[in-house]
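Student: Listed below are the residues making up each chain.
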Amino acid sequence: EPEVTQTPSHQVTQMGQEVILRCVPISNHLYFYWYRQILGQKVEFLVSFYNNEISEKSEIFDDQFSVERPDGSNFTLKIRSTKLEDSAMYFCASSGLASGELFFGEGSRLTVL
Amino acid sequence: KQEVTQIPAALSVPEGENLVLNCSFTDSAIYNLQWFRQDPGKGLTSLLLIQSSQREQTSGRLNASLDKSSGRSTLYIAASQPGDSATYLCAVPTNFGNEKLTFGTGTRLTIIP
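Line by line, the protein sequences give chains C and H.
For reference, each letter of the first sequence is one residue, going 1 to 113 in our numbering.
For reference, each letter of the second sequence is one residue, going 1001 to 1113 in our numbering.
All clues given are correct.
Pairs of lysine-lysine, DSS-like flavour, derived with a Cα cap of 30 Å:
hint, chain 1, residue 1, chain 2, residue 2
1, C, K57, H, K1001
2, H, K1001, C, K78
3, H, K1068, C, K57
4, C, K42, H, K1001
5, C, K83, H, K1001
6, H, K1042, C, K78
7, C, K57, H, K1042
8, C, K83, H, K1042
9, H, K1042, C, K42
Hints were generated in silico from the structure; no laboratory data involved.
Every value quoted in this text rests on a predicted model; they were computed, and no experiment measured them.
Use the sequences and the hints to build the structure in full.
Tutor: Shown next, in the form of structure tokens:
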């Protein structure tokens, strides 16, 4: 069964360092998303991406964040200068349709020290 | 602004019982509603997507209902098993036609063998 894969599963970094989280969405999907979940809190939307550009972003997704689809298969989230409060589980998701069923990856746990 | 509430926050039931999980949302102008399962420290697994034109959607022992006018959805689990133990999340689009989802805080379900 097709699935969304994410790497790394866990990353520990020092405050101020750059982090890149990687995702391989389901191959025929066109809509890509990043969500995050701080420990014990709700899953919250970060950004959506379609047709090689950001279609929507939340207030969390400030200038420190960026997304890219560098080739036909990968979708990345970059945090330029990590803060302590960026520690969370980051989930990539993809969908074949706008407002269609979302399929999530297993997540990348980011710990900022 | 869309708000999603799930009650109860936690539920423990003996194996074999049928159970109902509740989800309510404030803005009824939605395309669809999606139920997910999350195991501890893991990603989100899509269980059911119910379109706004549907009243029910079934998958195996799971049945989701949607009442848009009252802003409610229920997830019915028949003949519960210990493997059903997980957190169950519902999510709806934030605004009509919008792709991003607003999640509830989830119901943590424990099935007692």
